[in-house]
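Novice: Assemble the whole structure, with the sequences as input and the hints as a guide.
Residue numbers (the working numbering), protein chains in the order written: chain A, 24 to 365; chain B, 24 to 365; chain C, 24 to 365.
Treat the hints with care, since some could be wrong.
Which copy is meant is left open, because identical chains are indistinguishable; a pair holds if it fits in one copy or across any two.
Said to hold, decoys possible - With a cut-off of at most 20 Å between alpha-carbon atoms, the simulated SDA-like pairs for lysine to any residue come out as follows:
| hint | residue 1 | residue 2 |
| --- | --- | --- |
| 1 | 250 | 336 |
| 2 | 262 | 305 |
| 3 | 186 | 336 |
| 4 | 171 | 214 |
| 5 | 262 | 303 |
| 6 | 25 | 312 |
| 7 | 262 | 302 |
| 8 | 186 | 257 |
| 9 | 262 | 335 |
| 10 | 262 | 301 |
| 11 | 224 | 27 |
| 12 | 25 | 213 |
| 13 | 25 | 206 |
| 14 | 262 | 177 |
These are calculated hints, taken from the structure and not from any lab test.
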Amino acid sequence: MKTNAGRFFEDYRIGEVIAHAVPRTLSGGERALYHALYPARGALYSSDAFAQSCGLAASPLDDLIAFHTVFGKTVPDISLNAVANLGYAEGRWLGLVWPGDTLRAESEVIGLKENSNGKSGVVYVRTRGLNQHEQPVLEYVRWVMVRKNRATPTPDPVVPVLKPALAAADLVVPAGLDFTRYDFTLAGETHRWGDYAVGEKIDHVDGVTIEEAEHMLATRLWQNTAKVHFDATFREDGKRLIYGGHVISLARALSFNGLANAQMIVALNGGAHANPCFAGDTVKVWSEVLDRAETAAPGVGALRLRLVAVKQGAAPFALKGADGKYLPEVLLDLDYWVLVPV
Amino acid sequence: MKTNAGRFFEDYRIGEVIAHAVPRTLSGGERALYHALYPARGALYSSDAFAQSCGLAASPLDDLIAFHTVFGKTVPDISLNAVANLGYAEGRWLGLVWPGDTLRAESEVIGLKENSNGKSGVVYVRTRGLNQHEQPVLEYVRWVMVRKNRATPTPDPVVPVLKPALAAADLVVPAGLDFTRYDFTLAGETHRWGDYAVGEKIDHVDGVTIEEAEHMLATRLWQNTAKVHFDATFREDGKRLIYGGHVISLARALSFNGLANAQMIVALNGGAHANPCFAGDTVKVWSEVLDRAETAAPGVGALRLRLVAVKQGAAPFALKGADGKYLPEVLLDLDYWVLVPV
Amino acid sequence: MKTNAGRFFEDYRIGEVIAHAVPRTLSGGERALYHALYPARGALYSSDAFAQSCGLAASPLDDLIAFHTVFGKTVPDISLNAVANLGYAEGRWLGLVWPGDTLRAESEVIGLKENSNGKSGVVYVRTRGLNQHEQPVLEYVRWVMVRKNRATPTPDPVVPVLKPALAAADLVVPAGLDFTRYDFTLAGETHRWGDYAVGEKIDHVDGVTIEEAEHMLATRLWQNTAKVHFDATFREDGKRLIYGGHVISLARALSFNGLANAQMIVALNGGAHANPCFAGDTVKVWSEVLDRAETAAPGVGALRLRLVAVKQGAAPFALKGADGKYLPEVLLDLDYWVLVPV
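Specialist: Structure below.
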C-alpha cells in the first residue's frame, strides 16, 4: 500500500516529534493570492513603504499566511482521520516571514486521551513552524479528535495544562517594530490603542458570500489536502466543508472596518469552529475587546480580541444561546492578541 | 462608532484633497493573477524580453492594474454611498508601474452639484495615483452620484469643464518607448497604426462567461470592498453587482483579437457602465477607431478607440437605440487612447 | 478582416516552422497560482531549500507550468479550428524554467493527412519551447484534427514515424540534479525507485470536484484562449469544455499520494483525452508502473508511468471496455517518464 491512510489515535506516542512533509517557499505570489481571496486591507501587510515607516525592512507576509502554511503541512499527519478540530491554544508568532522564505513544520505530541467509547480519542500537539534558517516563526497547540483503527489498550490519559490566554509578557513583538511615526491616514482609521475599551463590541458591517472555487483555491494554496474540502462525493449531502482557516482569514479581513489599526496578530489564545461553513454562506463578523496590554516596543500596544464570524440570519452580536452552546449561525469564535499603535 | 460609514454628499468640500488609505505594493503575483482573471495577451505586458525590445527595462505591470489599484483605494472615501458611477474623463497614465512599486492615491474634489430632489448630488473628483517616490503614475476625473445623509444647505453648484477627449499633445508616452524594432510576429498580428482607419469597426469575436468567484477575486485584489460586489444578501434580488472595472479589463483583454498591437493605454477619455453586469453573463466586445495621432516617440503612433462590451443576445455592433439610450445588452462604452507601432 | 480566424487544414505546409506569438515571463506569481489551482505537493517544486538539497540553485517552476505555457502559445496557430486533440508523442523536458524566465514557442509541421471525407485532416507538429536565451526547455509532438475551409487538392499524406515511448537514453536529466542526499521525510513518502515494480497499480485515493472558475483561471493563465473553454454560449449544451491540460495537472497533483517522490516529469510518451471533462466532475486518479530505468545522475532513477484520471462513477482502475475503447468515465490516459530517488 503506497498511499498514506493517515495516522489513527493508536499511532501517536507522548513526546514523539513528527516532522511534517513538503516545505514551502513563499513569494509575492502567495501575497497577491491572499489579497484576492480575502478583503485584506491592513496597511502593514499591503505596503512596503508603510512597513518601512513602522521600522521593518519591507512588508512581511501576512501572519495568517504563515499560520495556514504551517497548519497545512500538519494535516496529513495530524488531522487526516480527525473527526473534529477541537481547539487551539498558546499560539504565538515568533518571527516574521518574508517573500523568499521557506517554511517547514513539526509537531510534538503533548497529550492523548482516549474517549470512553474506545472508538476515538483526543490528540494534543504543539506545532512549530520553522524557516530555512531553522528559526521558529510560529508555534501553537491544537487538539483534534481522531478515530481509532485497531483495538489497542487505552493509554494513560495525558492532558496538557494550557493557558486560557497568553499573558502580555508572552507576546513577541517583531524586532524593530516602531509605531511612533505611524500614519493613521494611510492606515485607514484614526482609532488608537487607547480608544478601545475592554468590553467594547464592534459590528464590522461588511459581508462576503463564499464560493466553492474560492475556498478550494485557498485551501490548496496552503497545501491542505483534506478530502472533505475538495470532493463533492465525499459527504452524503454532497457538500464540501470549508476549511476553518478560510473562515479565520475571511473574518480577520472583514474586521478591518473598525480595526484597521489592528496590524499584526501575535498570539492565538483559543478558537472554536462553532458550526460548519459551506459555499453560499454570507459571512459577517463582530469583535469584542477582551483585554489591553502595553508592550516594550515604541508606540506599540496590544489588544486581546474576540473575533466572531456569523452567517446569514444571525442576530446582532450573536454568540451563544441560553444553554451556553453556540448559536447555529455562529461559525467561528477566535481569541487573539494583536498589535495596535498607542 | 468605529466603522466607516463612508462620506455623504454633504461631507465634500470644493478644493479638499482626500488622501486615500492602504498603500499597496504590487509584484509579479498581481501580474500572474491579472493573466488568470483576464485573457490578456498583449506582448508588452506579458514578456520582459518583448518589453526590452521596445526600449523598456522590463515588462511593466499592466496599465489597468495601475488603474484598478488606484481606483480601489478611492472607494471607501468616494463611492461607498454612491448611487451610480456616472463617468470618467481626462484619464492619463503618467508613469510606468513596476513589480515592487507601492501605489497610493489621493483625490481632489473639483465639482459638487446637488440634485433638485435634495436627496443626493454629484461629486466630481480628480484622482491621482502616486508611487513610493511620490511620482504620479495615473490621474483621472470621476464623478459619482452620492446620497445625502442630512438636510444641509444646497451648495453653489460647481461643475468642472472637462475635455470631451484628450488631445494627442496631452498623451504621455513612457520614456524610452521605441517601436522601431517591434516584432509583429511575437506580438501576434501584423496590423500597424496605418492599417486602422477612423470609423473602422472590429468585432473581436471571442466571448467569456463570468463566474462569481472570478469577479470577487479580481475586485478584492484591488482592495475595492464595496459591499454590493460581495454580499449576496445586500440586494433584494440576491445578485452581486460586478465591479465595472472587471468588465473594463475583460473587454480590453478580449479586444486582443484584432487589436493585438494596441499595446499600452495612455489615456481614458470617457466611459459609461451602460448596464449592470452579473455572473453568468457572457461578454463579447467590439471596437471602433475614433481618431489617430502621431507621437514624438520613435515608431509609436496613437489610436483613439471606442471599446464596447455587450452581453449575450446583443446584435452585431450593438450600442444605442433610436431613443439615444444604450441598448439593454450593452455593458460598457469606453473611449481611450492606446499606443500602436506605426 | 483584422481578427484571426485561425488556420485550416489547407493552410499548413510540411516543413513550415510557425513562430507563435506572445512570449511570456513567468514568476513566483505563476507558481503560487499553480499551487492554488492544483493540490501539488512535490517538494522539489515547492521548496527552494529542498531543491538546493537536490543540487539545484533553487526550486524551478513546475514542469507542467512550462508545458502549459508553451502549449497555450500554440493554440491560436494550431488548434483554433481543431475538431479534436488526437495525441502527444516524443515530449521531452530539455531545460529547467526559473522565475524570471521568458518562454516563447515555435512549431514545425511534420505531418499532414487529409481525411477521406475531404472535410478535415490531421496536422502533426513538433513544438519547441525556448527561453530568453534561445535555449530549448521543452519539445513535443502533437497531432490534431483540423477542419478544411476551402476545397483544395488533397496533399500527399505524410505521417511521421513517432516513437511509442522514449527510451531511457532519450531522457534529459537536469544538470546538477543529485538525489543522494534526498530527504524522504520532507518529501512525504519513503518509497524509492526500487520499491516500484513494473505492472504495479496505485489508487491515489483523493478526489477533487472541478469548478468553472478554476479551470478558466488556469486556462487563461497559460494564455490559451480557445473559445470552447470560456464561452457558455458556444456549445449547444451550454457547457464549457475543460482544457485537457487542466485535467493533466490535476491528475498529476492528485498522484502525490503514492508517488510523492516522483519529482520531475522528463518525458511525455503519449496521452489521450479519452472523454471530455466538465465543471462539476469529481476527478480521481490511478497510476500503473510501465517501466523502470537507471540514469547517469547520482541517486536518480526513472519510472515510466501511466496516469489515468477518471470521474465519479468509475470502477477501480477503470480504463477500457471489452471493445478496446475507453470507458465513459475515463478522462485522461497519460504515459510519461518521471525522476525518482533510487
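Novice: Hint by hint, where does the structure go against what was stated? Just the numbers, ascending.
Specialist: 3, 4, 8 and 14
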